[in-house]
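Visitor: Given these sequences and hints, build the entire structure.
These are the residues of each chain, in order.
Protein chains: 2
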Amino acid sequence: MRIGELARRTGVPVPTIKYYLREGLLPAGERTSPNQVQYADAHVRRLKLVRAMLEVGGLSIVAAREVLAEVDSPARTVHGMLGAAQSAVTRITANRGTEEEWERAEREVAELVRRHGWATKPDNPGWKALVQIVLTYRDLDRGDLLALLDGYAEAAAELATAELAVLAQVPSTDGKVESAVLGTVLGDAAMAALRRIAQEDASRRVQRQPHSA
Amino acid sequence: MRIGELARRTGVPVPTIKYYLREGLLPAGERTSPNQVQYADAHVRRLKLVRAMLEVGGLSIVAAREVLAEVDSPARTVHGMLGAAQSAVTRITANRGTEEEWERAEREVAELVRRHGWATKPDNPGWKALVQIVLTYRDLDRGDLLALLDGYAEAAAELATAELAVLAQVPSTDGKVESAVLGTVLGDAAMAALRRIAQEDASRRVQRQPHSA
Numbered sequence: 001m002r003i004g005e006l007a008r009r010t011g012v013p014v015p016t017i018k019y020y021l022r023e024g025l026l027p028a029g030e031r032t033s034p035n036q037v038q039y040a041d042a043h044v045r046r047l048k049l050v051r052a053m054l055e056v057g058g059l060s061i062v063a064a065r066e067v068l069a070e071v072d073s074p075a076r077t078v079h080g081m082l083g084a085a086q087s088a089v090t091r092i093t094a095n096r097g098t099e100e101e102w103e104r105a106e107r108e109v110a111e112l113v114r115r116h117g118w119a120t121k122p123d124n125p126g127w128k129a130l131v132q133i134v135l136t137y138r139d140l141d142r143g144d145l146l147a148l149l150d151g152y153a154e155a156a157a158e159l160a161t162a163e164l165a166v167l168a169q170v171p172s173t174d175g176k177v178e179s180a181v182l183g184t185v186l187g188d189a190a191m192a193a194l195r196r197i198a199q200e201d202a203s204r205r206v207q208r209q210p211h212s213a
Numbered sequence: 001m002r003i004g005e006l007a008r009r010t011g012v013p014v015p016t017i018k019y020y021l022r023e024g025l026l027p028a029g030e031r032t033s034p035n036q037v038q039y040a041d042a043h044v045r046r047l048k049l050v051r052a053m054l055e056v057g058g059l060s061i062v063a064a065r066e067v068l069a070e071v072d073s074p075a076r077t078v079h080g081m082l083g084a085a086q087s088a089v090t091r092i093t094a095n096r097g098t099e100e101e102w103e104r105a106e107r108e109v110a111e112l113v114r115r116h117g118w119a120t121k122p123d124n125p126g127w128k129a130l131v132q133i134v135l136t137y138r139d140l141d142r143g144d145l146l147a148l149l150d151g152y153a154e155a156a157a158e159l160a161t162a163e164l165a166v167l168a169q170v171p172s173t174d175g176k177v178e179s180a181v182l183g184t185v186l187g188d189a190a191m192a193a194l195r196r197i198a199q200e201d202a203s204r205r206v207q208r209q210p211h212s213a
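Here the protein sequences line up with chains A and B, keeping their order.
With our numbering applied, the first sequence corresponds to residues 1 to 213, in that order.
With our numbering applied, the second sequence corresponds to residues 1 to 213, in that order.
Hints listed in this document are in silico derivations from the structure and should not be mistaken for laboratory results.
Built from N, CA and C at the ideal position, the CB exists for glycine as well.
Be careful, since some hints might not be right.
[Claimed, not checked] DSS-like cross-link-like pairs, simulated, lysine-lysine; straight-line CA separation at most 27 Å:
1. A:K48 x B:K128
2. B:K128 x A:K128
3. B:K176 x B:K48
4. A:K176 x A:K48
5. B:K121 x B:K176
6. A:K18 x A:K48
[Claimed, not checked] Partner residues aside, some chain A positions facing chain B, computed with beta carbon under 8 Å:
7. L21
8. L49
9. L82
10. D144
Guide: Here it is in structure tokens:
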């Protein structure tokens, strides 16, 4: 199909498709004559995946490109894909606090991981992010919020088991890889969205209680 | 204190502090002489909150400014603060699909909300985000991932109840407002980080099983 048809089938405007081509998010089409480039069904699928990552998952162009490089790597594994998708969605940039504060926060995270019996390594992108979050709570004297982390951890463990079970049922490797990307990128967005709704509900219920502030 | 002392106490470089002042994220200090501006402890606190939102929570400057406007509003309530913080962290921009697809996704979200007995309105920022996510899963023929949403919803409900309970124990309104902001902004980041660790653990366990792909 030509680029206009690709735009029609995906709802992505032609200039945006050209931008993605330049940014390396979409492989080039096949030039069949000096003035004509043909795109295939694989382009439709890839374009939808790119839009899902950028618009719904909130990834940057750079992060999306990193995930796609892993998707297209011949050596890809589902475990490796999960890692790439996880690194891409973990956007914490800070690296603050004294060495002593950092070590204390790191110890607290290590204890949390041990409490939940998790087999993980400190190079997991979530680990460093969590150390940073613990440090921030402490820095703002909000140690009380740390009490919530065990509940988050229990929920995360249950969700991960359910996610991997869904992934195991996907027949093809292509499908598994795509599910790993979508499950991580859109799964975070879905969890955040549901938290918004649940928080509104909980907040309303608290407001209705007498004697509550 | 002078700006150099403010930088020392927060670890934020002077040019960055000046940038935050220009962007309206930090209120101006008090000019005590033509060459001297004094900052107070409230500036230290605010600066830490700004850094937490931008660096650890991943908010944009614009989103952080919106949250702070609500924090500083005389009419603020904890319920209102939660709403502002929730809108700021919900960054989904897409609005795609045909009217029919959109209505179908909206019905599915409405059913999910009803199944979980939530009192919420369709203007909740999570609602529209969730419709978009359902639409994206359908568009990519990954209806199987929708099966995960009920698990996410259950976890979200439990976490929201725990979060509101922590919030209720914070004595001052200032503290409650700050907890609502941090609980939402950093709570999402904490949940995402813990999901990374739990997913790595689950993925390792699946890999170790014989006969699994």
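Visitor: So, for every hint listed, does it hold in this structure?
Guide: Hint-by-hint comparison with the structure:
Restraint check for K48 (chain A) and K128 (chain B): the C-alpha separation of about 19 Å stays at or below 27 Å, so the hint holds. Using a Cα cut-off of 27 Å, the hinted pair K128 (chain B) and K128 (chain A) is violated, with the two alpha carbons roughly 31 Å apart. With a CA separation close to 16 Å, the supplied pair K176 (chain B) and K48 (chain B) stays within the 27 Å bound. Pair hint K176 (chain A) plus K48 (chain A) holds up; C-alpha atoms about 16 Å apart against a cutoff of 27 Å.
Taking the CA atoms of K121 (chain B) and K176 (chain B), the gap is about 23 Å. The hint holds against a cut of 27 Å. Distance check on the hinted pair: K18 (chain A) and K48 (chain A) sit about 15 Å apart at the alpha-carbon level, within 27 Å; holds. Because the closest C-beta pair between L21 (chain A) and chain B is about 20 Å apart, greater than 8 Å, the hint is violated. Interface restraint check for L49 (chain A): the shortest CB-CB distance to chain B comes to about 7 Å, inside 8 Å, so the restraint holds.
A cut of 8 Å between beta carbons decides the hint on L82 (chain A): the least distance to chain B is about 5 Å, and the hint holds. Given hint, D144 (chain A) at the interface with chain B, holds; its Cβ is 6 Å from that chain's nearest Cβ, closer than 8 Å.
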